[in-house]
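A.B. asks: Next come the chains, spelled out residue by residue.
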Amino acid sequence: MTALLEVRDLTVSIPSRFGEFTAVNQVSLEIDAGEIHGVVGESGAGKSTVGSAIIGLLESPARISKGSIRLQGDELTSLDETDYHRLRGDRISMIFQDPQTSLNPLLSIADQLIETIRQHRKLSEEDARRQAIELLAETGIDSAEQRMNDYPHQFSGGMRQRVVIALALCTDPELIIADEPTTALDVSVQKQILGLIRDLAAQRKVGFLLITHDIGVIAEITDRVTVLQHGKVVETGPTAAVLGSPQEPYTQALMAAVPRLDRRLSRFRNIVSVETRMEGENLWKIEGASASHASNWLLGGDKVARHAPVAVGRATERADNALLRVDDLDVTFGARRSWFSRTPGLKALSGVSLHLHRGEVLGVVGESGSGKSTLAKAIVGLAPTSGGSMQFNGSPLPDGRHRPRSHLVRRQIQMVFQDPYSSLNNRRTVEAILTEPLLFYKLASKGADTRRLVASVLELVEMPQRAMLKYPHQFSGGQRQRIAVARALMARPDFLICDEPTSALDVSIQAQILNLLKDLQSNFGLTILFISHNLAVVRQMADRVVVLRRGQVVESAVSETFFNAPQADYSQQLLRETPSLSLLGTPV
Amino acid sequence: MSSGIAAFILRRLVQSVFVMLAVSLIAFSLFRFVGDPVAQMVGQETSLEDQARIRESLGLNEPITTQFITFAGNLATGEFGYSYRTRQPISEMILDRLPATVELGIVSLIISLLVGIPAGIYTALHRGGFLANSILISTLIGVSIPTFVIGIFLIFVFGVQLGWLPTFGRGDVVALGWWKTNFLTLDGLRSLLLPAITLGVYQLTLTMRLVRSEMQDVMKSDFIKFATARGIDRRSIHFNHALRNTLVPVITIIGLQFGGIIAFSIVTESVFQWPGMGLLFLDSIRYVDIPVMSVYLVLIALMFVVINLLVDLLYVAIDPRVRSRSEAS
Amino acid sequence: MIARFRRYAIENELLHLFLHNRVAQLAAFIALVMIGGAVLASFVAPTDPYDLASYDLLDSLLPPSWVEGGDPRFFIGTDDQGRDLLSAILYGTRLSLTVGLLSISFACVLGVSVGLTAGYLGGRFDAFVMRIADVQLSLPAILTALLIDGIARGILPQQSHDDLMIVVLTIAIGLSLWVNFARTARASTFVEKNKEYVQATEIMGMHPVRIMLVQILPNILGPIMVILTVDLAVAILLEATLSFLGVGVPPNQPSLGTLIRIGTEYLFSGEWWIVAFPSLTLIVLIVSVNILGDFLRDALNPKLR
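Protein chains in written order, with the numbering used here: chain U, 24 to 611; chain E, 5 to 333; chain C, 65 to 369.
Warning: the hint list may mix true and false statements.
To be verified - Interface residues of chain C toward chain E, partial, derived using beta-carbon atoms under 8 Å:
{"#": "1", "residue": "V97"}
{"#": "2", "residue": "A304"}
{"#": "3", "residue": "F308"}
Simulated from the structure, these hints should not be mistaken for laboratory data. Ideal Cβ positions, reconstructed from N, Cα and C, are used throughout, including at glycine.
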């Protein structure tokens, strides 16, 4: 039996003014009917390009320069645009990442479904409508008949993705390319959508090409997997084999970098860096600058003693002597009184209480809309509070919007943001960015010493000293996040808030940044509030965990207790829905 | 039509009334504080007592709020007062001039939309094609040529050199009650042609460029890619999916275009000596005829408010998001 | 040196695109030549058209020198006063450019300060300012400029009005164009303000004015540059239109628009050159500025690439 889809030596080139760039290099893979085939890789691996090439939607000037794509034996690369377009929807369809933007906002669901069905099948409007309703019901939309006439904006994110799947499916294609279909969704919705895809593959015998960066998704539903790096296939085979006992060093390193929900690693094993090293960068040095210089400076700061980290087992639920105490905190957004109306506003946080001891890492987890970022903003003084109180280092912490904070407190609380592409000002050099807190808090004055310090802190976060001469856009995401960490360190903080610091990064980079944070934490006894939607990441970092849901604390527990025996129903559900990765072998 | 939409329209109406009040206030300040109304009205030999009497009879000694209320009330009832220059009632002057400008504006708007929208779509869909590029270059030049130069050029070619078309005035008009129209005589239509093209060209290039850039943005959106991936007919992707989404911003633009038409009608009317509102306004500025200026301002604002209301209604018809938002509130 | 420039040109997107865009290069060249001619008008021009003694009514309405009846002293002919048209055009261009640049700078400074503040502070100030902007946006620039000019005529006595005409024009045109800057600056500021680098400085406790000027302003200069170029063309066009309508610069200092207005009166009697050459100058000037504006817009708009 021939495979449903057979890709041989697919090569995609993109000519540019820097020369021709090979985005996909001799990629071969096969998909059988009813199979879910995963394509996994980090950013720049060319995985989306493979998908676009198969459905014939490469964006100019990219083109297939070599190789063949056969769908049930029919060669696709030789088709002209008209024939290819006839094939789209009919035999191959596609699901995009963001359900918010994949649907035409001005047409009802019925319009879009019926148009698609009638494009490919000679059916009357009535028959097409009937078929559309059946399909919506099959993809899990309740009371499909009524909802048919609704517009996309009337559906929630998860529901929209179901509609998108129904649209991709409505013409009975043989192959569906799903490009990061669950990346924009919360874990609970992700679990449902993945389940739906698996059922459809099994029942309708549709082949799926599932493109994702998320090893968890791969482990959850794919039958086979192809690992890409720099446009080349590194390894391919049955999912259990590739993930469980990877043969290639790259795959091994990748698996080792995946944070595990079932165990805490003290450190991620040495990771093959995907980022290209800058040649000769290490030759440029400032005299006397070194990581140990930075360490001494950080440790020799003020008298607020730097504590040794709390041993994991000793993490405690008692709130006395805490560095930060938050009691009954309320944050309300958008409350407004005008002449005509009184808007009650949205309660982002209600009655949140938590505390952090010196040298402790507190993990805060929750889905989107749980209020975890609002909590960070309230603590750093960006969000006005409407109730409750905060204490830092024994004294009251004003909310920062209505009542200003002292420079000392501002300096002691620093933050590392989620998006390294927006957290650094692109118009300033790294040196200017790193010097800013020093000058602002009057920790140093302009001069050779300050330059030496900046270079030293860069060394400390494992960046070449020369980086200080460049601008942020010249660095990759992981390097930028290191610079962002360095900026936070420049204030010589006691307390660091990390808001999803790795969720915008590839998994191997994530592991590096987590290692860096772990090192800094253990060397300098930093107290860290670590916010993430990813339970597996939190497990690697946190001594204690607080679970937020719709602005309220659902559970608060010592980390090991929480992950082994969660108490609240919601916590149990969250842990259940997070891909388990039990396929992966025991890490070394 | 649901009660939500009715409430939405009602709220818009109330807002419009506020805008009109604000504009009347500006017009009133113009009238009251730019120069002395009495000094403008009388000759230099009028005695001081007479001036005081006129001042009293005009109500200029009343409290300023009373004056404004009277002023606004007069405007609302069509009492526009008298021109300083011609001593005629302004309402008569306006009624005399209004049809000329409205007919000119409508014809040029039609020209600009009929040519501009299709050309915009074409250039957006055939990016980089020879014809598309030629159209683009010619519109770039079109945007850069001042309206009055276009008018002069047309006069020179079709009036002076070829002698085909009249170059000034409205020509023969037919009176339908107080409304004098150009549409019913051949001479009237011929007279309308050059001014309408002059006024239309600039609007046309604007329409075209805006439709093009909106359409290009829409064509890059995810839902268009998804529709392509589902094999939807190209024609439907372009005209049903993309064009519909393009129309939402384009409607706003057409609303704004109206402003352009009014502004450039002043220029066009000046070039072709077209006896419309624009020429009236221009004369009022040249001779500092403040009452005419303020009335013109108020009337223009009224037109904008009406156009904006229509645009809002069109939005409700086209965009389901606006529909449900207006129903929700 | 050259190698270094080449490498810089490859890295710098804008420069790279410019070096590969013949049309933009040509436009920049023409614009530079015209600006140069205008700046050096008093050296380049054969006569001084502002000096009553330098021209003679006997020379009036002479055609260009290559046409029959032309006079070699006046290369492209003379106007109704006997002024050398070439000199009048050079001086007129200088006047048009001066008013254009002054008013656009005024509009830019006003609009960017308002837009930056409104975008950063948000709330009531933002709502208030943007409501004004909306109202003004619906009033077309020509109308606004005409109104302001009309008011100035009403307030100022005739003589000082003529003297202050350039100032009045600059303010009138500037006030009718600030909205574009304000809206652009506000929209970009709004995007930047929500970026985390701004939040980082807010957490530090940096003063809002410093955040706006040091952190945000450099990041929104791109779109402002585009508006600056595009609206420079609009400002020149506005000045020409106002002068054409006879409410612009005083007649003894003709700008391009004034020359064209004078020329129209002689169009029917066949003296085409008084209209033709100033119009051509104006069009070439505006076209080249517009081409540069278009180039900048496309080059700085990542959506189109």
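A.B. asks: Tell me, in ascending order, the numbers of any earlier hints that this structure violates.
C.D. replies: 1
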